[in-house]
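S.K.: One letter stands for each residue in the lines below.
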Amino acid sequence: DAKTTQPNSMESNEEEPVHLPCNHSTISGTDYIHWYRQLPSQGPEYVIHGLTSNVNNRMASLAIAEDRKSSTLILHRATLRDAAVYYCILKIGRGSQGNLIFGKGTKLSVKP
Amino acid sequence: DAMVIQNPRYQVTQFGKPVTLSCSQTLNHNVMYWYQQKSSQAPKLLFHYYDKDFNNEADTPDNFQSRRPNTSFCFLDIRSPGLGDAAMYLCATSSIGRGPGNQPQHFGDGTRLSIL
Numbered sequence: 027d028a029k030t031t032q033p034n035s036m037e038s039n040e041e042e043p044v045h046l047p048c049n050h051s052t053i054s055g056t057d058y059i060h061w062y063r064q065l066p067s068q069g070p071e072y073v074i075h076g077l078t079s080n081v082n083n084r085m086a087s088l089a090i091a092e093d094r095k096s097s098t099l100i101l102h103r104a105t106l107r108d109a110a111v112y113y114c115i116l117k118i119g120r121g122s123q124g125n126l127i128f129g130k131g132t133k134l135s136v137k138p
Numbered sequence: 004d005a006m007v008i009q010n011p012r013y014q015v016t017q018f019g020k021p022v023t024l025s026c027s028q029t030l031n032h033n034v035m036y037w038y039q040q041k042s043s044q045a046p047k048l049l050f051h052y053y054d055k056d057f058n059n060e061a062d063t064p065d066n067f068q069s070r071r072p073n074t075s076f077c078f079l080d081i082r083s084p085g086l087g088d089a090a091m092y093l094c095a096t097s098s099i100g101r102g103p104g105n106q107p108q109h110f111g112d113g114t115r116l117s118i119l
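Protein chains in written order, with the working numbering: chain H, 27 to 138; chain W, 4 to 119.
With the rest of the complex left out, here is chain W (with noise of 0.2 Å):
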């Protein structure tokens, strides 16, 4: 069963239409991550939230923004999108239980959006 789901799989927006991306969690995790992979790239930390704390990435454009209203779910929010952020968008979730370090990380299956 999916654990950390992303809707849609596939979003197709306009140049500087604001665009938001949505992810779930059934795990219960503390921590949630939102990355950006573009085409033949590593996936790249835009942001996470430790609880309801919001810890942004120093080289995140302000473009970006993310909500997290409750424990389960986290939004990607893109305010004017260009056609430079057309990505792979991944969620992820850890547990700082036992120390951050000794936690691996749960991804969904990514929102690949495109820009027209």
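So here's chain H without its partners, still in its complex pose (with noise of 0.2 Å):
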């Protein structure tokens, strides 16, 4: 499986954009970057997912590097509920049932 790295943590202000990090330089032509949170005590949550082209929801932004080796998950205004754990994932796109591998994340703490 095509391993992501990500640092271990981040700190940032309250109302301040975020950006999170992640390198996968094996990622593969089928593979999709999802992203994941978990705040204390629950399941991981979706946050957000792409291929090749920048995505946007409700809850972030991801841009992919034109290589498509590395990621960044933005938040554009954080909030204390932001922090969390944030998983990188690839997904394997074909050949596969949607299996996820974790790998550590990063935590993000945001300061009031």
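The set of hints was computed from the structure by calculation and includes no laboratory data. Do not rely on the hints blindly, as some may be mistaken.
[Said to hold, decoys possible] Derived pair list, reagent style BS3-like, types lysine-lysine, alpha-carbon separation capped at 25 Å: (1) H:K130 / H:K95; (2) H:K130 / W:K41; (3) H:K130 / H:K29; (4) W:K47 / H:K95; (5) W:K47 / W:K20; (6) H:K95 / H:K29; (7) H:K133 / W:K47; (8) W:K41 / W:K20; (9) W:K47 / H:K130; (10) H:K29 / W:K41; (11) H:K29 / H:K137; (12) W:K47 / H:K29; (13) W:K20 / H:K133; (14) H:K133 / H:K95.
Assembling the complex is the task here: the two chains are given apart, and the hints tell you how they should meet.
M.R.: Take a look at the structure:
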């Protein structure tokens, strides 16, 4: 399975944008880039995913590098509720049943 | 409204006493997954069902079994729990409609299992 590399932790101030980086240099052409987050004592929550183009939804934006070897999850205005562990995961597009292989993730702290 | 429901949220069992965790979904998804998450670690996939087809991960201990009697329900059975099996157990679902890579997984809030 293709691997992702994320910083162990990041800090942000409330109401400021947050850019969470992810490296995935061994990504294959059919791998989708998924982001999930996990708040304390809850199950992981889907945030966003993309293949080649940048993506926006109500929670966040996903910026994908042109060579697809890295991506950045953008939270436009961090709130205290965004404090969580954020996982960047490559999801195989073909020949699988959608399994997620979690890495260690980035623990995001948000300061008031 | 909760779409993936896990009961109970907290489960205590005795060392060696079989225990069953349950998961139900209202999404009508064809794939259901079970993950184990130990303290301060990332979730680890144990196995999944694609419809009625069971798919075990290579390193999942034989002590862990699963049943899926219908689309909505899936059970995780731990035959003889050891102290090392204390963890959060997460159930998730997904639909493989437009290709597995393009579908998100929906997680329940987990069952935290303690072993006495």
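S.K.: For every hint, state whether the structure bears it out.
M.R.: Verification of the hints:
With a C-alpha separation of about 18 Å, the suggested pairing of H:K130 with H:K95 holds against the 25 Å cut-off. Distance hint between H:K130 and W:K41 is fulfilled; the C-alpha atoms sit about 12 Å from each other, no more than 25 Å. Restraint check for H:K130 and H:K29: satisfied, since their Cα atoms lie roughly 11 Å apart, inside the 25 Å limit. Restraint check for W:K47 and H:K95: the C-alpha separation of about 24 Å stays at or below 25 Å, so the hint holds.
A distance of roughly 23 Å separates the Cα atoms of W:K47 and W:K20; the hinted pair therefore holds under the 25 Å criterion. Of the pairs offered as hints, the one joining H:K95 and H:K29 holds, with about 11 Å between alpha carbons and a cut-off of 25 Å not exceeded. Proximity of H:K133 to W:K47 is assessed by CA-CA distance (about 18 Å); at most 25 Å being required, the pair is judged to hold. Between W:K41 and W:K20 the CA atoms are separated by roughly 20 Å; this keeps the pair inside 25 Å, and the hint holds.
For the given pair, W:K47 sits about 11 Å from H:K130 by alpha-carbon distance, which is consistent with the 25 Å threshold. Straight-line distance between C-alpha atoms of H:K29 and W:K41 comes to about 20 Å, which keeps the hinted pair within the 25 Å bound. For the hint linking H:K29 to H:K137, the alpha-carbon distance of about 30 Å lies beyond 25 Å, and the restraint is violated. At roughly 14 Å between alpha-carbon atoms, W:K47 and H:K29 fall within 25 Å of each other, so this suggested pair holds.
The hinted pair formed by W:K20 and H:K133 fails the criterion: a straight-line CA distance of about 35 Å is larger than 25 Å. A threshold of 25 Å between alpha carbons decides the hint, and for H:K133 with H:K95 the separation of about 22 Å falls inside it, so the pair holds.
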